[in-house]
Amino acid sequence: MSKSSVVLACVTAQMSCERIINAAKKMASRMDAELEVITIQPKKQTAENRARDMKCLYNLSRKTGSEIIIYYSDNPVKSIVKHAMDKKVFHIFTGKPDSNNEFVGKLSMVLNHIPISMVTEDIVFTIPAVSGQPAIIV
0 MSKSSVVLAC VTAQMSCERI INAAKKMASR MDAELEVITI QPKKQTAENR
50 ARDMKCLYNL SRKTGSEIII YYSDNPVKSI VKHAMDKKVF HIFTGKPDSN
100 NEFVGKLSMV LNHIPISMVT EDIVFTIPAV SGQPAIIV
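All residue numbers for the sequence shown refer to numbering that gives the first Met the number 0, where the first residue is 0 and numbers rise by one.
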């Protein structure tokens, strides 16, 4: 691979996301690729919650030595799809969503040409790529 290839870590404002960044960083290093870390924050949020989230993301950035790109959107899947397509991402890392959350399913349907790894405390689950072309954009 080359440094123009990108491994993408998608995080929320939680210190537990450090393991997602570290797993993505390990793959990026092994594949000689760039690591990009992004978070999608809601457009509308109370000042108190926004300040708490920004402090958490800042601490996470410092602890992992990673720059975190922040998008403000109420459609996280659409924002991640656009970023992944623009940056030629070849692998995505996320946390494991709650059972009611369809985030990873929607992401893998649209970006079916990119493997998606879900990082938990104990293990990494990977949804393999199934085609060479993206599906329709949401």
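Hints were generated in silico from the structure; no laboratory data involved.
Fair warning: there could be bad hints in the mix.
[As the list claims (entries may be wrong)] Here are the simulated lysine-lysine pairs, DSSO-like style, with alpha carbons at most 30 Å apart: (1) 42 with 81; (2) 42 with 95; (3) 54 with 43; (4) 54 with 77; (5) 43 with 25; (6) 62 with 77; (7) 86 with 54; (8) 95 with 43; (9) 54 with 95; (10) 62 with 24; (11) 25 with 87; (12) 95 with 105; (13) 81 with 54; (14) 24 with 77; (15) 54 with 25; (16) 43 with 62; (17) 77 with 42; (18) 42 with 86; (19) 77 with 25; (20) 105 with 77; (21) 81 with 43; (22) 62 with 95.
Computed from a prediction, not measured in an experiment: that's the story for all the values here.
> For this structure, which hints from the list above don't hold up?
Replying inline: Those not satisfied come down to hint 5.
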